[in-house]
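Participant: Construct the entire structure; sequences and hints are all you get.
Protein sequences appear in the order of chains A, B, C and D. Residue numbers in the first sequence follow my numbering, run continuously in steps of one, and reach 330 at the last position. Residue numbers in the second sequence follow my numbering, run continuously in steps of one, and reach 330 at the last position. Residue numbers in the third sequence follow my numbering, run continuously in steps of one, and reach 330 at the last position. Residue numbers in the fourth sequence follow my numbering, run continuously in steps of one, and reach 330 at the last position.
In short, the hints are calculated from the structure, not lab data. Don't take each hint at face value.
Here are the simulated BS3-like pairs of lysine-lysine, each with C-alpha atoms no more than 30 Å apart in a straight line [to be verified]:
hint : chain 1 : residue 1 : chain 2 : residue 2
1    : B       : K132      : C       : K201
2    : A       : K132      : B       : K139
3    : C       : K139      : B       : K201
4    : D       : K139      : C       : K132
5    : D       : K41       : B       : K41
6    : A       : K308      : A       : K297
7    : C       : K308      : C       : K93
8    : C       : K297      : C       : K133
9    : C       : K308      : C       : K84
10   : C       : K139      : D       : K139
11   : C       : K308      : C       : K297
12   : B       : K139      : A       : K139
13   : D       : K132      : C       : K139
14   : D       : K201      : A       : K139
There are 4 protein chains.
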Amino acid sequence: MLRIAVIGAGRIGHVHARSVANHPEAQLVLVCDPIGDAAEKLATQYGARSCKDADEVFANPEVDAVIIGSPTHLHLPQLIAAAKAGKAVLCEKPVAQDVAQVEAVQDELDQITTPVMFGFNRRFDPSFAAVKKGVDEGKIGDLEQLTIISRDPAAPPASYIKVSGGIFRDMTIHDFDMARNFLGDIAEVNASGQNFVPEIKAEGDFDAAVVVLTAANGKVATIINNRRCASGYDQRLEAAGSEGAMFAENVRAHTVRLSTAESTNAEAPYLDFFLDRYEAAYSNELSAFINAVSTGKAPEPGLNDAVKALRIADAATTSAHEGRPVRLDA
Amino acid sequence: MLRIAVIGAGRIGHVHARSVANHPEAQLVLVCDPIGDAAEKLATQYGARSCKDADEVFANPEVDAVIIGSPTHLHLPQLIAAAKAGKAVLCEKPVAQDVAQVEAVQDELDQITTPVMFGFNRRFDPSFAAVKKGVDEGKIGDLEQLTIISRDPAAPPASYIKVSGGIFRDMTIHDFDMARNFLGDIAEVNASGQNFVPEIKAEGDFDAAVVVLTAANGKVATIINNRRCASGYDQRLEAAGSEGAMFAENVRAHTVRLSTAESTNAEAPYLDFFLDRYEAAYSNELSAFINAVSTGKAPEPGLNDAVKALRIADAATTSAHEGRPVRLDA
Amino acid sequence: MLRIAVIGAGRIGHVHARSVANHPEAQLVLVCDPIGDAAEKLATQYGARSCKDADEVFANPEVDAVIIGSPTHLHLPQLIAAAKAGKAVLCEKPVAQDVAQVEAVQDELDQITTPVMFGFNRRFDPSFAAVKKGVDEGKIGDLEQLTIISRDPAAPPASYIKVSGGIFRDMTIHDFDMARNFLGDIAEVNASGQNFVPEIKAEGDFDAAVVVLTAANGKVATIINNRRCASGYDQRLEAAGSEGAMFAENVRAHTVRLSTAESTNAEAPYLDFFLDRYEAAYSNELSAFINAVSTGKAPEPGLNDAVKALRIADAATTSAHEGRPVRLDA
Amino acid sequence: MLRIAVIGAGRIGHVHARSVANHPEAQLVLVCDPIGDAAEKLATQYGARSCKDADEVFANPEVDAVIIGSPTHLHLPQLIAAAKAGKAVLCEKPVAQDVAQVEAVQDELDQITTPVMFGFNRRFDPSFAAVKKGVDEGKIGDLEQLTIISRDPAAPPASYIKVSGGIFRDMTIHDFDMARNFLGDIAEVNASGQNFVPEIKAEGDFDAAVVVLTAANGKVATIINNRRCASGYDQRLEAAGSEGAMFAENVRAHTVRLSTAESTNAEAPYLDFFLDRYEAAYSNELSAFINAVSTGKAPEPGLNDAVKALRIADAATTSAHEGRPVRLDA
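Facilitator: So this is what it looks like as structure tokens:
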């Protein structure tokens, strides 16, 4: 039984708290959030205790592991503090706003010995994970071309874009991690950006992008992004290999099809809120974390993976803005 | 090279003439139709000759085989005349309006020695045929339950209903042949009829029906009919067995799916004209006929199959009107 | 906040306890089970109390509502006791083994004034519910023909069959409730049974069935059952109307499709454990119950619905064994 | 009635001859092929005449239009000769091996006044055409991102690769035309090539490619190619716009799905011979040609389109080999 504290009682904190409460090998012992009674309300629902100061979490000897769901700028300091206190850590992505922030605390990160996992939740989505498993089992022969379609339901406001770090660091970073998950390390990034939303163009950012990643092993991933998709959260993946292909399709609220005189087999829109779309992924992610901690295996994706995804995002930003391929060191 | 004459230059005659012209082992030599210049026009398109009197077809020594696409009441006399003249015959269904008409000429039918095939075109539909092949190959283990959904795009006028012989003889007869194709001979018919179209009810006929057929071997077929379907010609089949199931889905004009904010993956309506829906079936049917004639094997479905389907239709009519199961002799 | 007790800490009790714990307007206060430490273990996971005697549940003033997940023969007595104690009740189906058992306590049932709902969970399945909603909204015009395909993943052992009450009372009863949900009261039942599993035939029961229900309003439902399905728990529904049709498809663990040289778009088997297949249904069922109790509306399906489904099952049993349609009183 | 001659009695000539014979407004009058009795055999099947010398076609006053299905190096000289003789021309692609060959006869091409259409058959595929129509009708709002998946069933031999002009001129050229069909003129080409087939790499060519095209209007097309696909001829297209998306899926021989214990809904492989896959496209292409000629409208795609596709192919070749984006003049 792993005793877990959740830092951050926002919407992602709620998801993690529920996953912990429903997990037969975990116990939710503490919820921490500095704002109002958010922590207390969430803790009460699942019979846990609450606090407002994260230091209480780190100091608490009854806490074995910490899930960090706080704002991005707190990720690194809380991760380091939790690890110093001997806690296992499951930290929400991104690790930081850019690679430079990570390098600034590299010494402290190098000293971490407790298990640290990063919440690239999509790796744990049942469909994406099933494709990965199938590829690993050889169901499609040698993987040759990976295609990731990843479109958000609606563009965020300009105010968000301003502080987002740009589409590649904010949105595509999930797809970069997914590409690494399938192809291993990336050798070259060839990105182009498009603008269909004037408000985002005004911020100097792209609202759509196509990125071609060439892996060190010669395989290729194509990522197609758009900040908006009328039908919902468009999250698909296609792995094509020498002997077959696997496709992960979108998720809908139900399986109903409607046929009329105008059209047939019309299905529901895609689930369009990321917490709904990836509900099972968050639960499976927690299981993977608990399993890694309890068996002593290094959890994946780890800190190293989080940093590598960020490096690809930096390279893509350069590639798209300068109109040229950018190579990454091995 | 089989030299073929087509009797009847209506729409079904056009379909057969084109199939013959495109078939590498067949030659269209003669088209016969008594009305206006119908035969001449059709013959000209494919470089064949034409005539107005069917007797010219039977007398012509350059004709090896005859496709009969004339009105139903001519099927039996033309079939008998063609066979007497030594021609192979592919005859459109139904063989007659009812079983009594067949029995009236039973002696002449018994003397036929040339190949005679009946145009139950659906057996040759690529999808239904693929299910049949899969079942025969054991892909679903032992077939246990067959389900046939068969709905017309729109109800015919009351004037047609009046002379149609009723829904079971006019419409369900295709499904009865299909059920026999999968299950063999039928032992019991349990039919119920519904009315959703007042004009058809006024004629004393049903416009929808559910028929449960129990085969001599204990397997069961369920047929669901409706005289109208908003999305087109709804023609499906599902074969469920001990180790799996096969499904034949509807056919559309193209493979396009449309996704918007309201719905996703909306496809085109079903093809709704039977000549479009079963275009490939008619062509495959001709190939089967040519193959049977050239190899000397008895063509299937034959006269016997046509009569058995009609017997089931008679039994279904009784069952639905009297509200009780009706048994058929073996 | 509705304070809820769960009677029965078996697998269905676990499902209900989790739904209650995760529901923002409900609180799990008590779990009751007479066997071993089942109640205590389940209660602990969600921070609730436990007891072994159901009378403690009924006597507890802090319990507003009771979910009855005990063995079938306890349903009626516990339902009556809970209602007498003023508790709202959500009771698992079936209400009893046959209608006679219900009639034996009719007087007591007639005196119940607290809300009573029956757990026909399929009404709350997201897909079936979406079809119902679409039909009610007129998306397919007037509903004319309902088709329910309902196949279990694997046949139960003969020992279970012996005490099951027969396929119609044990398995088809869900489909009878679903048919009533769409068509209203049923006027005639025309059932046929098949045997493909010798062990079940030896018990005098059918292992497959086709049932045609004619509703009082003339609409028709066709139910196709099989005790086994190689691909999993085959649960589908098709509602065909004057202006369109809606289809509820099977549910799979993920959306992945595999294409190879042999076949394309192969998907996962159907979810084959009923608790997985209907996980969302149980959660939605609880929400409906809580909503009914808190708004004072009579919950649906109620006791009346449970009894009517049982009456149809009785009629189907007669119909299939006697080979004739059976009429039901209005 | 358009009187048509077909030059080339190879497999593409057979396709065109059949389309002409079956078209109600066309007449196949002449088939020309210099080799053996190919022309005579094909002509006989459809009641036409034959010749061995293309000059007889051009000189024949009973020929209104010529379909050129000869080897590539004859396309330009025969096109020019036919046009000089006043014939309308439907010419197979590519117009030439490279743009230089076209420019060498530019003066003669500039003098052509008869209708000239090029056989980019995919524009006439029912599915791709339905997407184009839907986009033009505004069904997806403003088109933003086009994705074309185009994979051949199997890699050609090295001997073919040697004379093919490279993957972009030989294979991707279809996709370049399709991109122009949707996006208009292309401003920038960013291509990368991969090698998974050693024999093709040995020839200095790529066997897989990802090409990102940016149109003059800022929209983007992503093309994913592979010389081989285990499941058949993988031909898909996805048009994503501001208000929706349209998808053209692969084509199969029938609609059957197979479900077993291992997988469900497995469909047939994709049609894998281009003449089967695009059978309807060739027929529709002929209709478009006949319609253009008879109404006096310039047929599309014309010579200009053929040359522009070739220019993109040249640019893609440079881009992939030099690892940089290449801009095209307007």
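Participant: Please work out if K308/C and K84/C have their alpha carbons no farther apart than 30 Å.
Facilitator: Given pair K308/C, K84/C holds - Cα atoms ~23 Å apart, limit 30 Å.
Participant: Below or equal to 30 Å on CA atoms is what counts here, so check K308/C against K297/C.
Facilitator: Answer holds: K308/C to K297/C is near 21 Å, not above 30 Å.
Participant: Please work out if K308/A and K297/A have their alpha carbons no farther apart than 30 Å.
Facilitator: 20 Å, holds
Participant: With the threshold set at 30 Å, check whether the alpha-carbon distance from K139/C to K139/D stays at or below it.
Facilitator: Since the Cα atoms of K139/C and K139/D sit roughly 21 Å apart, the hinted pair holds (cutoff 30 Å).
Participant: Between the alpha carbons of K132/D and K139/C, is the straight-line distance 30 Å or under?
Facilitator: 28 Å, holds
Participant: Taking 30 Å as the top limit, are the C-alpha atoms of K132/A and K139/B close enough?
Facilitator: 28 Å, holds
Participant: Verify the proposed pairing of K41/D with K41/B, using a straight-line Cα cut of 30 Å.
Facilitator: OK: K41/D and K41/B at ~25 Å, within 30 Å.
Participant: K139/D and K132/C: Cα distance at most 30 Å?
Facilitator: 28 Å, holds
Participant: Within a Cα-Cα threshold of 30 Å, do K201/D and K139/A meet the stated pairing?
Facilitator: Since the Cα atoms of K201/D and K139/A sit roughly 25 Å apart, the hinted pair holds (cutoff 30 Å).
Participant: Can the restraint linking K132/B and K201/C be considered satisfied, given a maximum Cα separation of 30 Å?
Facilitator: 28 Å, holds
Participant: Quick one, are K308/C and K93/C close enough, alpha carbons at most 30 Å?
Facilitator: Since the Cα atoms of K308/C and K93/C sit roughly 12 Å apart, the hinted pair holds (cutoff 30 Å).
Participant: Between K297/C and K133/C, does the CA-CA distance stay at or below 30 Å?
Facilitator: 19 Å, holds
Checked against the numbered hints above, the structure violates none of them.
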